[in-house]
Structures are given as C-alpha cells and as structure tokens.
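2 protein chains.
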Amino acid sequence: MPEIARQDLHASVSDPESASMNFLNEVAARFPDAISLAAGRPYDGFHSTDELDRYLRSYLAHLEGLGLTREQRERQLLQYGKTNGHLGALIARMLVVDEGIEVPEQAVMVTSGCQEAMVIALRGLCARPEDVVLAVEPCYVGLTGAARLLGIEVVPVPESAGGLDPETVTDVVAAVRATGRRPRALYLVPSFANPSGASMPLPLRRRLLEVAEEADLLILEDDPYGLFGLDDEPRPALKSLDGGGRVIYLGSFAKSCFPGARVGFLVADQQVVASDGRRTLLAEELSSVKSLLTVNTSPVAQAVIGGFLVEAGCSLRAAGKEKTAFYRGNLRALLDALERHFGAEPRVRWNAPAGGFFAVLDVPLVADEALLETSGRDYGVLWTPMSFFYGAGSAGRPGGGGRRSIRLSCSALEPARIEEGVRRLAELIRDHSEPEPAAGAGAPR
Amino acid sequence: MPEIARQDLHASVSDPESASMNFLNEVAARFPDAISLAAGRPYDGFHSTDELDRYLRSYLAHLEGLGLTREQRERQLLQYGKTNGHLGALIARMLVVDEGIEVPEQAVMVTSGCQEAMVIALRGLCARPEDVVLAVEPCYVGLTGAARLLGIEVVPVPESAGGLDPETVTDVVAAVRATGRRPRALYLVPSFANPSGASMPLPLRRRLLEVAEEADLLILEDDPYGLFGLDDEPRPALKSLDGGGRVIYLGSFAKSCFPGARVGFLVADQQVVASDGRRTLLAEELSSVKSLLTVNTSPVAQAVIGGFLVEAGCSLRAAGKEKTAFYRGNLRALLDALERHFGAEPRVRWNAPAGGFFAVLDVPLVADEALLETSGRDYGVLWTPMSFFYGAGSAGRPGGGGRRSIRLSCSALEPARIEEGVRRLAELIRDHSEPEPAAGAGAPR
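Listed in order, the protein sequences are those of chains L and H.
Residues 85 to 529, numbered by the numbering used here, are exactly what the first sequence covers, in order.
Residues 85 to 529, numbered by the numbering used here, are exactly what the second sequence covers, in order.
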C-alpha cells in the first residue's frame, strides 16, 4: 500500500486555516454536551422533511402552470439541465419583491450553495497570476478558502469597529496597483457580517459604490443574513443601489429556507464584450466555470427551493417572519446575557450588532485553541477564536488579529441555552483573565 | 455600466474547448428536431418524479432502522452535514455487492456529481507547479476542463484502437519525469470509455496496476458505464484488483439512477501520513477541498439516492437490469445500423465497443464544426466531432487528433430513432466524402 505524505497534498488540505476549522469540529465532537456559541448554523426547528414532497409538488404545479408538458417537467427534475439552473425567473422575482433589485433572469446562476458561487466568481474574474481579490478582514473563512483552492491571493482590507470604511478600500487598491498586482474584486458582507456582526450605514454603502467606480473594482456582496435585522430599518443591499453595475450579488437559501438543499445563487448582470464585439452577461460567461465544477445544481434540490419560493409568493421576507422574530429574540438574548454577566467587568467589551447571527467579545486574555479546549472540557461552552478570521492571504498562521477576541453565535440555540452559555463563558473568563496592571503602574518607558 | 473584456476572464471561460462545447449546445438548440447522436445523457424513461417522495421515505425509514431519533433524521436531511456526506456505508456496501471492492466507509466521499469528484481529486493531489496529471487521449472533456480550471497541466497518453496500452504509460511517465515535472495520477475510463467506447481486457488491467506500482503513480478510475456491457462477461473495476492501493475510484449515479440528483462519489482509501506520523485516509484529507467547493453534497439529494440504494438492496446491477437491457439493445441497434448503412463503404470504419453509450466512426472527410452545422440544418442529425476530445492540456485548439472521426452516442434515443439517425448520417457522408484517389494512382514518391 503506498503512503502519501501529507505535505505532498495541496495547501488547501494541510494549511493552518483548514487545521483551525478541523480543530473546531474535533473539539465540538469531543465535548458534545457543551453549549455551542460557535455553531453559526440556522436553528433546526423551522422546517420538517414532511414539507419536501409538498415543495416538490408545488414546483411541479408551477411548471405545469407555465405550460410545460408532463414530459418536460419530468426532464427538468430528473435529467441534466441548464448549467445555470432553472430558478432564474423565480429568484429574479424574489430579488425585486424583497430587495428592490432588478435584473434579468439570465443574470442569475443557481449554485450548489453560496460557497460554490464564491469559487465561480473568483475563478472567472481572476485570470492572471497578478490578479488578486480584496476582502474585508476579519473575513468569512469560506472566501479565503475558496481563493486558496484556486491559488488566488487575498489582500485584506481592515474593518474598523464601525464596519468597512470605503476610503480604506481606495488606499488598499492604490497600494496593490503600485506593486503591479491587479485588484479584481472586493468581497464583503455589508449587513450583519460573519464574523464581526458589523453593518455598513447607508451613506457608506453609497460611498463604497462610488469608490468601486473610481477604482474600477467589482464588488462581491455576500448577503446571507440580510433578513435578520434587529429592527425593521431598511438596509438596502449594495446591489439595489448599484446604478453602475459594480456589484456581483451572492445569495443563499441556507438561512432563509434550510441548509440541506444546498442551493445558493449568484447575480452577475455585468456586460461582457468579446473581441468580435459580441455581448453577453457575466453570469452567462461564468456558466463555463460552473459546468466544470458541478455541471449544474441538483435539479431536485432546485425544485425543493422552487416550491418554497412559489409557496412564499417569491418573498422570503414575508415567508420568513417567524425566523426573523426568532433570530431577533436570540440576538437580544445574547446581548442581554453579555450585559448581565460582563456589564461590571470593564476589561470585557462587545459590539452591538444591528442583526444577524454573530457578536464579538473582546477579552483580557489570549483566546486561542488551548483556551477553547479548556472551555469545552471544564466549562461546557464552545466559541470561535476571532484569530481564525484573520491572516487572509498570508501563508502563515493568523495574521496577528483577533487574538484577544472571540466570536459568539446565537443562531442555533434556544434563548435559555444562550443565557447559560454566556454564564459559563463568564466563569471561564473570570478564572483565566490576565492580572490587571497594578494601579498607578505606568507603561514601560 | 462597466464593460468586462472577455479576454480578461479566466481561460476556462474563453478557451477553445469551452467554445466547442458551447457550439455543440448552440447547434442542438438551433436544430431541435434533429436526431441527436451527440447527446450522451441517459434515456428519460426509467424514472419518474413520483418516486422522489418514496425514495425520501425509504431513506428516512432506513435511518430510523439504524436507531436515529426523529430529530437526528430531520437534521440529517435539512441541516448542513458531514463534509463527506452520509451515504458512505450504503455506497461501501454497494461496492462490495456489485464490484467486489472492499473499502471502509470512511474512504467514501459523496460529491455533487462525478465532476466535482474529479475537481477534488485533482486539486488534492496536484500541489506544486510541476505537478501534472496524465490522461488517456481521446479524453472526456470534464477531466481536461477540471484541470484547466485549476491550472493543472494534462499530459495525454495516446490510446490505440485496442484501448490503453500500459507500456505507453511507462513511457509517458519517464518522458514527463525527464522534464522535471511530477506525474501525480493517470485518468482513464477502463470500461466502455467516453468518447472512444474502448475497454481494457483483464490482463492489461492487471498490467496497468503493475505499471502504476513501478512508476509510483495513482490512477483515477472513472466508471460511469460499467453496468452497461453488451454481454455478462465480468470486467472487474481496476479498484477491485487494486491490492497495491493505487486506484482512486470515481463513481456516478447519473446513469445507474438519474442525473437530476447530481450525486456522485469518490473512493480513496490510500494512507496519508502527516509529519507527526498521524495516519488518515486520503478521502478524509480531501474533505478540506470538498468543504471549500460546496461545503457538502445536498443532503436532500443524498437522501433520494440513499432511498434508491436501500430499495435496491445496495445492488445497482440487480436494480438496473431493465436499464442494462435497454442500453444493450440501443448499442446493438447502433452497430446494426452502421453495418446496414456503411457496410459496403470501405472508407468508413467504426469500432465495436463491448458496451457503454458510445462508438467512433472514421469517415473520409473532415468532420468539423462546419460539417456538423450542415448536418444539423440539411440532414437533421447531430453528432460530436472527435477532435473535441483531443488536445488535452495544450493551449491551442484540438491537438490534431480525431479530425476525420465522429463520436456517436446511442443512450438517449429509442432504437428506431437510432436507425433513422444513422441513415441520415450516411446521406451526409455520401454527399460530402472527399473523392476517392483514382484507381492505380500511386502515393507520391
């Protein structure tokens, strides 16, 4: 039997970021009774397998209403199909109804989850060795991982406490161009980001689009949490403000419907011009990439989501009221619990996200893998070191950010468990905090 | 609105191979009434959407039988799940029953179709710029496309009329190593290949495994057509003969069940050794790549295939008897029609595949895109230029092979349509053949 040396496999197998995520999964498996403030998955209680057949039948009835024969309907679900999928019209309608985004259905590509949409966008846009992608830091690991898989460099754009500052983007673009590299796109989650929870205010969203125009940059807008604001204040997607056609919009049904369908989508209505002058939409061109990754997205899974959309009148906002209320309640429970357990501790600080699944807690100790293991074993609570979300694009281990911060997720738990999880976390932090500097002790000169 | 120059997109968008496949799709769309001897998809008539709910319920009952609680069963279908999927045990059982392949379930990764399995295997194995993959030529375009997406060079290993000669592999490996490149794996379809229809006899299969051992090479065995032999002669998968652990087996349910599930799998039971001596299976290591491509394969789609496997007693051979009989009948119909319409034409030759969906016809004319267009428009029959399957890894257009050959597929049609398609094809070829050299005219000296 041949033995394969692990270091002979591709970097995406053996690099530290993958190792971090594996470590997280292992710790979760070793301490199954710990309360997980690490898991960012949606809550289990909203859907049932009993619905699957109903969704399939709703979608088949919808196809019949469109005039497809029985043979055509059968083929649509059971055969290979269009590379870009068959939900373009329903998703385009949903984008109008929920987000005020108007795009032709040909600009929509259905993907095997939003992760595949990221891979496709990065692969299509980055053609040459000098092509790089910018990404807000701290950054969702799925984006940095997709880039690593393709050998594309990720240049971090640091996010401040108030979220991304568009002027920083201008600076980073200039610095990147000065080295001969070509920035192809900027990735960000403008509403309730993972991991930071930050959201961009409307004026900064408008300014970011101007910056993209000035810098001739595309934007990859990832929007998995947009439905889950703490209030009803509108936070328009960048794509809905995108008069200049700068935004590629990445969407997911994992949170608005359920993850097990693995259906996401990409919206790319930019004009592509061939050397012979022929014009197409970027989503149409990217279908070559999609066909080489997964041929097309499972038509059965598409039909499940199609039925859900048909039943929802193409409005996730209308259909998702119960989910929105639940996640609001959970985020409030998390923020209340943080106040209750850390309010009297001046060295612990946290942000106040306006929605979404995540908040960040700054703590007076190094929140690393060793502490996480202690936390799981001795305190029965899990969380994610923020350092996992830094270091985008660097070859080595976390770029130095987030060492004294942890990401807390509140999406998968009942509120009472959130309270208990934060109580256990407070114990951990109390027991392990570094000693306070003695009063009056000055900084070393 | 910004315009994106097409040549600024990645090569997988704009290169000639993609263009060839797009051309094929366009021609098919423009002549929808033409008989397609080009389409390699499975026949439509074997499955119905009415079965989907039954498969889902069969799989849920199977999970209940394994002792999973209702909550666990719901979560398995609707949540994110294990990266490598939840069909490992059923697929491992199927491999024993149908193929005599014994592997632990941890060696099985469920993928979003076999295409994703190719991308994952190539990405995991090719780590450095000098790493290349060898592939039998003519080659399935999905493999060369996957390599192009990842920037991996494909070195062709020419196939002769009798299929792959293992000694050629030895020669190509030596030539590649002499240039400082590192051959990581050899891709082939040993039974009823796409596009050539060729199959390797048993002694050559054994010899190929010895060659792999001697050359320290892994083999990517793609086996989508193994069930569809013209006779019942056993043609063991390379993986079933693989005492040395050289074979990564790639499987698909697109033909044995139906394509619309988009479920395939990869079997990699090779030992991977980390620098600290820790041992894992290659399939487990490759899960890092899978998670960055599509997170996991749609658990709903997996459950559909799972139910199919449960109902089939994990034997595709037993459950697929009707399909096997149908495709046998179709291949016989194709070979009979070729004999009927070309038997008296010495300048037209074809091979006699022992099974599968494809045969190759050598014709006395250049069978290129222009001829295909004429064929669709004026003769009402479509086919695939064999030149599309040559030129693996080269930057330019088809490497020169297959210019006077066409691939004929017989999988998607009723037998009567196959006969009529070949009749039309014979007209086309009669009308367009190059003049025969005058009798007695010698070759130029």
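Just so you know, not all the hints are guaranteed correct.
To be verified - In the EDC-like style, the derived pairs of lysine to aspartate or glutamate whose C-alpha atoms are separated by at most 20 Å in a straight line are:
#1 L:Lys166 / H:Asp315
#2 L:Lys166 / H:Asp117
#3 H:Lys405 / H:Asp316
#4 H:Lys166 / H:Glu189
#5 H:Lys407 / L:Asp128
#6 L:Lys166 / H:Asp316
#7 H:Lys166 / L:Glu155
#8 H:Lys166 / L:Glu148
#9 H:Lys405 / H:Glu498
#10 H:Lys407 / H:Glu423
#11 H:Lys405 / H:Glu183
#12 L:Lys405 / L:Asp515
#13 H:Lys407 / H:Asp315
#14 L:Lys166 / L:Glu155
#15 L:Lys166 / L:Glu183
#16 H:Lys407 / H:Glu511
#17 H:Lys166 / L:Glu110
To be verified - Below, a sample of chain L positions facing chain H; criterion: calculated Cβ distance under 8 Å:
#18 Leu136
#19 Glu158
#20 Leu286
Bear in mind the hints are in silico, worked out from the structure with no lab data behind them.
Heads up, the beta-carbon is just placed ideally off N, CA and C, and yes, glycines get one too.
Hint check:
1. L:Lys166 / H:Asp315: Outside the cut-off at roughly 34 Å; violated.
2. L:Lys166 / H:Asp117: Between Lys166 (chain L) and Asp117 (chain H) the Cα gap is close to 19 Å, so the pair holds against 20 Å.
3. H:Lys405 / H:Asp316: 11 Å, holds
4. H:Lys166 / H:Glu189: 13 Å, holds
5. H:Lys407 / L:Asp128: 39 Å, violated
6. L:Lys166 / H:Asp316: Between Lys166 (chain L) and Asp316 (chain H) the Cα gap is close to 35 Å, so the pair fails against 20 Å, i.e. violated.
7. H:Lys166 / L:Glu155: Violated, at roughly 35 Å.
8. H:Lys166 / L:Glu148: Violated, at about 36 Å.
9. H:Lys405 / H:Glu498: At roughly 17 Å apart (the allowed maximum being 20 Å), Glu498 (chain H) and Lys405 (chain H) satisfy the hint.
10. H:Lys407 / H:Glu423: 24 Å, violated
11. H:Lys405 / H:Glu183: 15 Å, holds
12. L:Lys405 / L:Asp515: Cα-Cα ~41 Å, so violated.
13. H:Lys407 / H:Asp315: 13 Å, holds
14. L:Lys166 / L:Glu155: 16 Å, holds
15. L:Lys166 / L:Glu183: 26 Å, violated
16. H:Lys407 / H:Glu511: 31 Å, violated
17. H:Lys166 / L:Glu110: OK: Lys166 (chain H) and Glu110 (chain L) at ~12 Å, within 20 Å.
18. Leu136: 6 Å, holds
19. Glu158: 6 Å, holds
20. Leu286: 22 Å, violated
This entry does not satisfy hints 1, 5, 6, 7, 8, 10, 12, 15, 16, 20, going by the numbered hints stated previously.
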